[in-house]
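Please construct the entire structure, taking both the sequences and the accompanying hints into account.
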Amino acid sequence: MNTNVEQALQTTIQNWNAMSSYQSDEQEAVADQFQSSFYLFIDAFREWVYELEPGPQTFDELMGMDAVQEILDALPAPLHLNFETEAELTMDNVLRIDEDKYD
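Anchor point for the sequence shown: position 5 equals 5 in full-length UniProt numbering, and the numbering is continuous, going up by one each time.
Misleading hints may appear alongside valid ones.
Derived Cβ-Cβ restraints for the label pairs, each shown as a range [claimed, not checked]:
hint	residue 1	residue 2	range
1	Q7	D32	13 to 23 Å
2	E61	E26	22 to 32 Å
3	V94	E26	12 to 22 Å
4	Q35	D73	30 to 40 Å
5	Q33	L81	18 to 28 Å
6	A18	Q57	36 to 46 Å
7	Q27	Q7	22 to 32 Å
8	M1	Q35	20 to 30 Å
9	T58	Q33	18 to 28 Å
10	Q57	H80	16 to 26 Å
Calculated directly from the structure, the hints in this document are not laboratory data. Each residue gets a CB set at the ideal place from its N, CA and C atoms; glycine is no exception.
Written as structure tokens, this is what we have:
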């Protein structure tokens with residue numbers, strides 16, 4: 001797996017874990033930090049996918065790659081659907097603008 005993707009993934013996981021340990025008055029700021037880190041991870045993932053030679057031709061091919069399976073293994077289960085959605089958009093060459101990202 002690409003170093004940038006791996007580092008962004010680790011930051012996302014750390015921020016995800018931090019959300020569960022903060023009190024309610026601090027959770028909004030931590031949640032914002034997590035959301036930001038998730039999309040930085042997605043950006044790094046997208047760049048990596050676009051640089052692959054040869055690149056995957058279908059979503060199923062992408063999801064079947066060992067590196068993508070490692071990502072899914074590392075991501076908390078509640079994030080799998082979000083990741084899969086972003087991976088599908090990556091394969092469709094769709095780039096979300098900030099207003100379109102998950103709240």
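Comparing the hints with the structure gives:
{"no.": "1", "hint": "Q7 to D32: 13 to 23 Å", "verdict": "20 Å, holds"}
{"no.": "2", "hint": "E61 to E26: 22 to 32 Å", "verdict": "41 Å, violated"}
{"no.": "3", "hint": "V94 to E26: 12 to 22 Å", "verdict": "34 Å, violated"}
{"no.": "4", "hint": "Q35 to D73: 30 to 40 Å", "verdict": "22 Å, violated"}
{"no.": "5", "hint": "Q33 to L81: 18 to 28 Å", "verdict": "21 Å, holds"}
{"no.": "6", "hint": "A18 to Q57: 36 to 46 Å", "verdict": "37 Å, holds"}
{"no.": "7", "hint": "Q27 to Q7: 22 to 32 Å", "verdict": "25 Å, holds"}
{"no.": "8", "hint": "M1 to Q35: 20 to 30 Å", "verdict": "22 Å, holds"}
{"no.": "9", "hint": "T58 to Q33: 18 to 28 Å", "verdict": "34 Å, violated"}
{"no.": "10", "hint": "Q57 to H80: 16 to 26 Å", "verdict": "22 Å, holds"}
Checked against the numbered hints above, the structure violates hints 2, 3, 4, 9; every other hint is satisfied.
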